[in-house]
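Here is how the chains run, residue by residue.
Protein chains: 2
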Amino acid sequence: MKQIQIVEVGLRDGLQNEKSMIGVPERVQSVLELLAAGLTRIELGAYVHPKRVPQMAGTLEVVNEVLAKTQHRKGFSVLIPNDRGYDDFLRAPVPEIAIFASATEKFSQKNINCSIEESFERFQVVVRRAKKDKIKVRGYLSMCFGCPYEGEVDPKKVVGLVQRLLRLGCYEVSIGDTIGVASPDGVIRLIRLLKKAKIPMNRIAGHFHDTRGTALANIYAAYREGIHIFDTSLGGLGGCPYAPGASGNVSTEDVVYMFQRSGLMKKIDLQKLIDLNKKMSVWLGKELPSKVGKAGTWPSHQHLDPSSSA
Amino acid sequence: MKQIQIVEVGLRDGLQNEKSMIGVPERVQSVLELLAAGLTRIELGAYVHPKRVPQMAGTLEVVNEVLAKTQHRKGFSVLIPNDRGYDDFLRAPVPEIAIFASATEKFSQKNINCSIEESFERFQVVVRRAKKDKIKVRGYLSMCFGCPYEGEVDPKKVVGLVQRLLRLGCYEVSIGDTIGVASPDGVIRLIRLLKKAKIPMNRIAGHFHDTRGTALANIYAAYREGIHIFDTSLGGLGGCPYAPGASGNVSTEDVVYMFQRSGLMKKIDLQKLIDLNKKMSVWLGKELPSKVGKAGTWPSHQHLDPSSSA
Chain Z
1 MKQIQIVEVG LRDGLQNEKS MIGVPERVQS VLELLAAGLT RIELGAYVHP
51 KRVPQMAGTL EVVNEVLAKT QHRKGFSVLI PNDRGYDDFL RAPVPEIAIF
101 ASATEKFSQK NINCSIEESF ERFQVVVRRA KKDKIKVRGY LSMCFGCPYE
151 GEVDPKKVVG LVQRLLRLGC YEVSIGDTIG VASPDGVIRL IRLLKKAKIP
201 MNRIAGHFHD TRGTALANIY AAYREGIHIF DTSLGGLGGC PYAPGASGNV
251 STEDVVYMFQ RSGLMKKIDL QKLIDLNKKM SVWLGKELPS KVGKAGTWPS
301 HQHLDPSSSA
Chain S
1 MKQIQIVEVG LRDGLQNEKS MIGVPERVQS VLELLAAGLT RIELGAYVHP
51 KRVPQMAGTL EVVNEVLAKT QHRKGFSVLI PNDRGYDDFL RAPVPEIAIF
101 ASATEKFSQK NINCSIEESF ERFQVVVRRA KKDKIKVRGY LSMCFGCPYE
151 GEVDPKKVVG LVQRLLRLGC YEVSIGDTIG VASPDGVIRL IRLLKKAKIP
201 MNRIAGHFHD TRGTALANIY AAYREGIHIF DTSLGGLGGC PYAPGASGNV
251 STEDVVYMFQ RSGLMKKIDL QKLIDLNKKM SVWLGKELPS KVGKAGTWPS
301 HQHLDPSSSA
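Sequences listed follow chains Z and S, in order.
Using the numbering used here, the first residue of the first sequence is number 1, and each one after it goes up by one.
Using the numbering used here, the first residue of the second sequence is number 1, and each one after it goes up by one.
In case anyone wonders, no lab produced these hints; they're calculated from the structure.
Be aware that a few hints might be false.
The list treats identical chains as interchangeable, and a pair is accepted whether it falls inside one copy or across any two copies.
What the hints assert, rightly or not - SDA-like cross-link-like pairs, simulated, lysine to any residue; straight-line CA separation at most 25 Å:
1) Lys2 <-> Ile188
2) Lys279 <-> Gly245
3) Lys156 <-> Gln260
4) Lys267 <-> Glu152
5) Lys2 <-> Glu225
6) Lys131 <-> Asn82
7) Lys279 <-> Pro244
8) Lys278 <-> Pro241
9) Lys272 <-> Glu152
10) Lys195 <-> Glu225
11) Lys157 <-> Gln260
12) Lys286 <-> Gly245
13) Lys266 <-> Arg189
14) Lys131 <-> Val159
15) Lys2 <-> Arg224
16) Lys106 <-> Gly296
17) Lys286 <-> Gly239
18) Lys19 <-> Glu287
19) Lys195 <-> Asp185
20) Lys157 <-> Pro299
21) Lys198 <-> Gln163
22) Lys278 <-> Gly239
23) Lys2 <-> Arg192
24) Lys19 <-> Lys286
25) Lys272 <-> Pro244
Just so you know, these numbers come straight off a predicted model, no measurement behind them.
So here's chain Z without its partners, still in its complex pose (with noise of 0.2 Å):
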């Protein structure tokens, strides 16, 4: 069996829907405590307007502090939504970026002010320099499985696009259930199209959000069709825009929980990211969600006593 890969989006996709912000210190630190913990693709920041999306701002402060601080560095990666932002890129750069589109035209509309035909049009800038510099590109595609503006969203559609993304350069697709509508046979549904379009399984990720709780049974149901990269944030950092008060981003001690415990996980720490979770919830001063932050792992090392009252 594959082993599975987690890329750790908290900093970025978890932060930026958060209404608190942290500062670059506490950022940094959560880098390197990811690392420590044995994560090895992480997702440090946005090179978006701060206005937009102030949560990201300082990301060339954190970049610069983390480059400084660890020798590590394939995995790192950063998000860019244009020209400029790849101009930023180039002051600290990893080796990695992401680009983002949507499957579907409203969203794109509302989200990054284009038609999906104009944000390839965006993209093909950014790949191309990109392409030159030798740095690695990884493309999202959000609302694949439902919009909150236009509803369901057509597989085939989505097929179409990730095609496209990965004709566009993207060395890897990673396919976004961005409100959290999926549901394990609508993500089987989807992967099986893809497969019998011949794109290989290793060059797709998949980004669930745990607003309904299906999370985890869909990325179950995707690494039994055969993905094993799956994008996750820490402590399931990141709400909703479309539900207040629901949750976003699925957990990544539950994810890690439910691999490690099957045998498909074995170099992360999980008890770090549980210590890490911690802090960040200390930060944001808030609970976060994950059920494995609060419940801790297992086995513990040491059982209850049945004489002691629980």
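Following the hints, position chain S against chain Z.
Positioned in the frame of chain Z, the structure of chain S alone reads:
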């Protein structure tokens, strides 16, 4: 594909693990609203000692009032720990009782103050009476995937106890991940052993707690292996006595959402369950863990207008 059956255990397994208690009228109203939402298998309470489980006091009144207010009968059940509980049960009989055994000695001692062997002797008396009275008997087997006192549990031991409960006269045995430590692969391993032992899958139910976020993944994995009956709890009522602050039972709304969106369960009115969740939340003075309860169902009847700010 076989349609999914839900056994609603929130008013028993859920409430008995909540610190706050709700009165008989609220419990009666809950049963009626669960029926109105389309659920048919509902555990009404337990005839246990009110000093040991104060939340279940008034079960006789709940049963009597429910029976006075609806013609529904089939699918109602009450938990019975022993012969004396069966006497209580006879004062307001419903078509089904449930008994509960443990897969580990230490939990059996701790939970019901006797060895597994002794517990089966007690059950024998109850089951003999139930058979005579034409009352169906359902068996719970707890700690099938891990025990807070013994750690890992041998699945072969679980298979032996399931067989024993079936031989004793249980028409269905619910295998419990009582402390929420199972992973999908462990679930699959146990179910395959059950099948190897020639136990028919329609006599097995899955009872998964969401303490570490894996319940829906475990349920989905069990479903793929042939299980189609699952115990769930409205709103995710009930915590975990071994992990304070953690969640316990998997939420009915989340399980119904997952299977309805997959077209495997059509007759449940999810919105009515969410409405009851909100009432229960007021009665108990706490937010319930169900994610669908917070985020709402999908597809929503009306999609958002992209020109609005979300």
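*Could you tell me which of the numbered hints above are not met by this structure, giving the numbers in increasing order?*
none
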